[in-house]
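> For reference, the chains in residue letters:
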Amino acid sequence: MTPEIGHYALVLALLLAAAQALFGLLGPVLAQQRYVQAVPFAVAGQFVFTALAMACLVNALVQMDFSVRYVAENANSALPLFYRVAAVWGAHEGSLLLWILVLSVWTVAVTLRSRALPQRFIARVLGIMGLLSVGFLLFTLATSNPFLRLDPAAPDGRDLNPVLQDFALAIHPPMLYIGYVGLSVAFAFACAAMIEGQLDQAWARWTRPWTTLAWAFLTAGIALGSWWAYYELGWGGFWFWDPVENASFMPWLVATALIHSLAVTDKRGLFKSWTLLLAISGFSLSLLGTFLVRSGVLVSVHSFAADPARGVFILAFLVIVIGGALTLYAWRAPGLRSSAGFELTSRESFLLFNNILLVIAAAVIFGGTMAPMVSDALGQGALSVGPQYFNPTFLLPTLPLLALVSVGMHASWKRGNLSRTQRPVLATLALAVALALAVWMGAYGTGSLMLPVGLGLGLWIILSSLVDPIDRLRRGLSLSAGVLGMSIAHIGLGLLTLGIAVVQTASIERDSALVVGQSAQLGAYSFRFDGVEPAEGANFNATQAKVTVQRDGVDVAVLQPQKRTYWVQRNAMTEAAIKTQWNQDLFVAMGEDVGKGAWSLRMQVRPLIQFVWFGAIIMMLGGIIAGLDRRYRQLKPVAEQEPNTVDVAAGARTA
Amino acid sequence: MIARRRRLVLVLGIIAGVAAAGGLALQAFRSNVTFFFDPTQVAAGEVKQGQRFRLGGMVKEGSLVRQAGELEVRFAVTDFKREVPVVYRNVLPDLFREGAGVVAHGRMQADGSFLADEVLAKHDEKYMPPEVARSLKKGETRSGI
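In order, the protein sequence lines correspond to chains A and B.
Taking the working numbering, the leading residue of the first sequence gets 21, the next gets one more, and so forth.
Taking the working numbering, the leading residue of the second sequence gets 412, the next gets one more, and so forth.
Please keep in mind that the hints were generated in silico from the structure rather than gathered at the bench.
It is possible that some hints are incorrect.
[Said to hold, decoys possible] The list that follows gives simulated cross-link-like pairs (lysine to aspartate or glutamate, DMTMM-like), each with its CA atoms no further than 20 Å apart:
| no. | chain 1 | residue 1 | chain 2 | residue 2 |
| --- | --- | --- | --- | --- |
| 1 | B | Lys459 | B | Glu494 |
| 2 | A | Lys616 | B | Glu481 |
| 3 | A | Lys616 | B | Glu494 |
| 4 | A | Lys599 | A | Asp649 |
| 5 | A | Lys616 | A | Glu529 |
| 6 | B | Lys492 | B | Glu457 |
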């Protein structure tokens, strides 16, 4: 019975979302105050029914109701409770439901937090978000209903894909979705401002916290996915330029640009139309990411099942949303020009460079990700684009970007007088260069030139991010959450840069076939294979190897990687064993029995790889701190300039 | 006037930067894209000498050979018309097996075998790389499995 309740709840949610969109968008135009006032009720109702639908799906999974197709395909009676809940987003239908629920939660948050904003404006924002919700609910009900029944019911389920049975992966999709969908808030704010034909500095201040928080979750989501691919898929690296990774990285880069350009719009009233364009493209790329992952056009570990009907639906939705927003932009943005000037070495300039470089980075990734699909569609042959393309083209804009962070952070608004801030910038640069050279010579004697360059840039960013907070504290000045968050996020970026620079240049990898007692040498470490034994888990059998790692004859770690066979889905699965130390990871994954008592093993020493994810988490913390700055919440109730009806009518005429 | 000239410098600088980045990206793209070929195309000599490419098809039943205790494996990739012998000296992925779809990255060697530096088999046993599926459909003469 509960699956049917879930199904009906979704239908009701669709109706309420449609009401939310209609009242929100038409209310201001028709000058119907009652319509505007009805919007929050539609928002609340939609949330209640979406949450109910989600509860029904969770219930079906937890109770293992194998008469529901989604449950039969993605769970099993031997599946632990935690993963039964996580199976909600383990496949296509459930993750769409999660997308909708997350959108609904963001909508509720906007409704609650924006009572001080002009009602008309917020009604339009909620109307846009309602439209998005309608699209996704229609999509779910029409092509991807998670509540479909099986008749007769399956005796037991096909189980959750073993690679998804993992803690980091259980929380990766929700985080990523909170980020993806959070960008819809900035998108809706941008569309509402364009419909009103009015965009002032207050608008940017309203939009900033939402964007920053969405960005923080997106950061966490991407980092979790990357961490998972590292230890669960046994690929042994942190980034593979897999199309689905790129799909989440492009909106992140644009959102990062948006955060910075919103700062300029907020403080100086500049970059207005550019900010709008970024807000539109950030969310469009999120949708594109969803399309790429869900339509099955991608060759990737993430693509579930290919279903052309779904692809066509998402494509149409994409065209409507992006096309509509861009049309609105082409129509309204020219009226939003700002005329204030700024100098070449002012903070505005540096933020402009930041934006250009980030957008270039997103563009080269976009080109490399879409090229295979375009080529395929045009019948030009199946080509593929790999790290050989992405690494150099991504470095090209990001190296100058990293070099500009420290200078830009200390530049003052409007005026380009660098002499006042020269000292901390140059002092931190000198210190960073000295430290980078020392670490390079001392710890990583060899390696490419990228190592000292990356180390130097990372250290420079970290050191110069500390200058401002320390200076303020010493002079007894208050430190706003915004500045603190920015500094912390930049320190995270510095740590990330250190990690990437070192792990990319100083890692040692080796695949070898070893017999019991035989060792392989990786740099200063010797990996000794001590044999295999059977092992058993909650829902799998495994062969477990023992590998002892030594340095200078002293045991450093005992690693026990596994080759698992899950009972239901019979596929072999590699579970890598990793010893994490603060400055490096020792990694072993099992290959196979190659005969004569030998096993093939994949062994790696990866220095500073944990800095990559640690840096990302610090960035996320910085984002959350900045996003919760009180400044954004002290919104003076903005009085409607004229009696509502007259104002609305005037707005409609000029529109 | 000075402000205007500054802005001009800024805009020109940005345009130059974007153009340079675009040019370099295109260059990197041209020299680093790898194309997909099936064994029939390889046999027909469609692959340029020394070109890195992706070879896709099914692992031929009974073709997997390994010197006991060694890492190196040899197997044949087939599209049921032609086949290409492959040499690989790393750990094979979990789902690699005879009769299943596979994509290998690498180059042809002088002896007519394909030296792979990366072998991909997908996580889903029902999954077949779309390009392999298409290439097999073209062949149509499914016998073997």
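> With reference to the structure, classify each hint as holding or not holding.
Evaluated hints:
no.: 1; hint: B:Lys459 with B:Glu494; verdict: holds, 18 Å
no.: 2; hint: A:Lys616 with B:Glu481; verdict: holds, 9 Å
no.: 3; hint: A:Lys616 with B:Glu494; verdict: violated, 29 Å
no.: 4; hint: A:Lys599 with A:Asp649; verdict: violated, 38 Å
no.: 5; hint: A:Lys616 with A:Glu529; verdict: violated, 24 Å
no.: 6; hint: B:Lys492 with B:Glu457; verdict: holds, 16 Å
Consistency note: the structure conflicts with the earlier hints numbered 3, 4 and 5.
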